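Given chain Z's structure and the hints, the job is docking chain F onto it.
Number of protein chains: 2
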Amino acid sequence: MSTSVQQRGTAYDPSRIRHPHFRGLVTDAASAVEQIADGDTVAISGFASAGTPKAFAPALAERIRSVRAAGGRLSVNLLTGASVASEAEAMLAEVDGIALRMPYQSEPTARGKINSGEMDYVDVHLSHVAQQVWQGHYGDVDVAVVEVAAITEDGKLVPAMSVGNNKTWLDVADKVILEVNSWIPDGVEGMHDIYYGTALPPQRRPIMLSRADDRIGQPLLEVDPAKVVAVVPTDQRDSASALTKPDAVSEAIAGHVLEFFQHEVAGGRMPAGSLLPLQAGIGNVANAVLAGLAAGSFSDLTCYSEVIQDSMLQLIREGTVAHASATALALSEDGLTELVDNFELYRDHITLRPQEISNHPEIVRRLGIVGMNGMLEADVYGNVNSTHVGGTRIMNGIGGSGDFTRNGYVSMFLSPSTAKNGAVSAIVPMVPHVDHTEHDVQVIVTEHGLADLRALSPRKRSRLVVDRCADPAFRPLLHDYLDRAEARPDAGNTPHILEDAFSFHAGLAATGSMLG
Amino acid sequence: MSTSVQQRGTAYDPSRIRHPHFRGLVTDAASAVEQIADGDTVAISGFASAGTPKAFAPALAERIRSVRAAGGRLSVNLLTGASVASEAEAMLAEVDGIALRMPYQSEPTARGKINSGEMDYVDVHLSHVAQQVWQGHYGDVDVAVVEVAAITEDGKLVPAMSVGNNKTWLDVADKVILEVNSWIPDGVEGMHDIYYGTALPPQRRPIMLSRADDRIGQPLLEVDPAKVVAVVPTDQRDSASALTKPDAVSEAIAGHVLEFFQHEVAGGRMPAGSLLPLQAGIGNVANAVLAGLAAGSFSDLTCYSEVIQDSMLQLIREGTVAHASATALALSEDGLTELVDNFELYRDHITLRPQEISNHPEIVRRLGIVGMNGMLEADVYGNVNSTHVGGTRIMNGIGGSGDFTRNGYVSMFLSPSTAKNGAVSAIVPMVPHVDHTEHDVQVIVTEHGLADLRALSPRKRSRLVVDRCADPAFRPLLHDYLDRAEARPDAGNTPHILEDAFSFHAGLAATGSMLG
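Which chain is which? The protein sequence lines are Z and F, in order.
If you count by the working numbering, then the first sequence holds residues 138 to 653, one letter each, in order.
If you count by the working numbering, then the second sequence holds residues 138 to 653, one letter each, in order.
One chain only, chain Z, in its complex shape:
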């Protein structure tokens, strides 16, 4: 069979499929997706820009088109690690191929379908996904489609450039399609730590990980060969994450964060030099903050995060970061090239884990993680909206921000103080959607400054957030709101004027600016 498949495409590399049973299953993507039926729940690999199966989405989209052309029906429930490669997300959304999407997306076509009510979207903490699927909340997983770097002589799987929920998908799915991507450098083997010790309660036991570089699992994924229905060879580079060079705003934010770290060290709340394990969300601001660490007097830093961005490679290369743990790479074209060209250097300093471990509440609490995440907006009392523009339209999703914020040691949210050329303030009287509550948000940072909300009552927080973080153009409006709210006879512990609480958002809708 392998001979015939070799004829089908150039991707087939026998050195990547080293077990005869799996060689016998080699086929192309078009044949593989015939395993997928209308209404199936399909769980695929992919976390951020890394590890999305390359052949699956084009083949499924094509199959959906042809089934529909013949008068049939075909759409699926799609489960992933987090976001997947944009082109894959877009292809399936464009053909209305996804009935339900879980747990995260960040792609315009899918976003549009969700906001118009055409696609069901369940926006879930990334640490909860594996346990919820295992519990059966999403029904049976019919098919798993997982990209791997290779299949070993004894039928184990060398993981690709992300781990995400792949361990769980392989465990729970009725059928498995493997994509074996020859582009992935051989050098990736050994970078992963796949932990097979999780369970559903009452069988759970302590997870014995106490440092970012601890290894508690094995380098390879397991799969029951009897469940594998197709092996699809591919040879395609991972997508690149879009990254821009740090600008003045993100550098100013980074400066405030670094000053805060020095303040924490001086106060004895973080060890000098090594600090505590850092987590940074995806994006330009987080990338800039990490890049800024190179200028600090830090050494032996560790990161325990979801993704590894370009700046992390630089910090490892320079020796500022001793170890980075994540569940996926999220590198630009240049970053990907840097990694692939220097795998020997990076492999000893990077560990990729299942996202149930990278984001696990037990580990996040134990390690004392410093969580740094982006946001859409915060209100004056420290409630954060990460997901819903105007309270109604989803942007991406909560992702792992809640995992790190809720159980971390220091929970920080970073954002430019304005958007849309100054028309939109990131600091508002009341957020119309809350993803992180005032009980959890400890520090807010914009380019103007940093508000440390720890141990402060709501009335003390509010003035601090305005004076430190809001753009000066919005400060008079925010103080006026607070003055009026506090002057009411029933002002209460958290003064608000409900009829004016969304005045910034109403102004934006009516005039195109929160300045009204």
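In case anyone wonders, no lab produced these hints; they're calculated from the structure.
Treat the hints with care, since some could be wrong.
As the list claims (entries may be wrong) - List of simulated lysine to any residue pairs, SDA-like, C-alpha gap at most 25 Å:
no., chain 1, residue 1, chain 2, residue 2
1, Z, K293, Z, Y333
2, F, K597, Z, D277
3, F, K293, F, V366
4, Z, K364, F, G404
Model, not experiment: these values are computed from the prediction.
For chain F alone, coordinates are given in the frame of chain Z:
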């Protein structure tokens, strides 16, 4: 010195103070509180109705009055486990003796001072308190005042009827005042499990507790004798928690919860018979739910919770509950008598732990806790307001509800569907304060029914919450809101009409009813 003290009061019982150093420190409360200076941070024992120092609050209130009468100033920052005995809270609030209060209160006088802005209040997850104080967010703790049952021959402390943060208070305070309460039955000794293994990062290690009845610590508290400045004998019963008999509404809620448990067992998500460890918040509804378990086909149930209420004693006596772990007792007069009269029976089935362990995210996640907490109101998408009436006026505080909701296995919120004789709906279009987000709230229950929100997108959740949980009188208003919100061109993933989102609350303010 002990002789002279014996003359001061009848409370002194030498068998309770079995170490000569501590006998030498015996004094009365009036003398003890002279150790407290204006601006001090004072951390006291007490969690719910159990373990509040009995002599401290009256003595401090009296001292505040006399200091002020002499033209002086005296107020303190007061840290506790959670709520303390109402009479103690009220006494100190009445004399404006508290500048800052943390982490929880549930008493009318204190509530009034907080809502008028006269008292600063920091409303903190109970699992975070010890680590935040240890980190120094509240400055130095000048004085700890801790009730104990006895001081042993080797200078260790037999804990009282609650543990709370006492271990941390004794560790971090500069000076310690011990109240030795002879009323506490000798039989309490051995009921506690005080874990000394927590640390600040990066020194944290796994906490090796995997079952509700595991013991990982020691029965006694430690104190540095050099820090103890006074030992005050008392002989006074703990306060009683107010409990009413289950009424029809709370019994209906309990019925829906029991049916849900059967549904989970049938779905293979919980073990038959023993279920998973249960947590129930304080109050009549939680008490009724637990009482209802006696009627189910359950055995060997375990509870891993904050408090133990009356119904738990009944379940233990009947053999339905094998073990209950908590940080405090919250018993009625009758419950307290039942416990004290039968300590031999209950001691083997109850473990009292520090609240950093009873509410610890690591343990809550590992055990797979079923969290059941009360609420003020929920919105149609599953966001819950636990703390702020009308979004501004604090009721009590978040307490431990977030600890169990965020990291638990099933997160449930229970409430009667209406309050104020039907004028107030517990289901509203949008809550004006969010303590638990849509990402965390899984199940909402009122007397009308149960809405299981797991794996549902916002638009599917909203109709279910209205139809299952809202009072029929409010359903047309809620559906009308959703109809109008969903009909908007920019309805989005979570349809809302910001200018109408608080119409229920505006109606209540204007007319005295959310029916408008």
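Verification of the hints:
1. A C-alpha spacing of about 14 Å is found between K293(Z) and Y333(Z), which places the hinted pair at or below 25 Å, so the restraint holds.
2. Note on K597(F) and D277(Z): the hinted pairing holds, with a Cα-Cα distance of about 20 Å set against a maximum of 25 Å.
3. With a C-alpha separation of about 15 Å, the suggested pairing of K293(F) with V366(F) holds against the 25 Å cut-off.
4. The straight-line distance between the Cα atoms of K364(Z) and G404(F) is roughly 24 Å, inside the 25 Å bound, and the hint therefore holds.
Violated hints for the displayed structure: none, as all numbered hints are satisfied.
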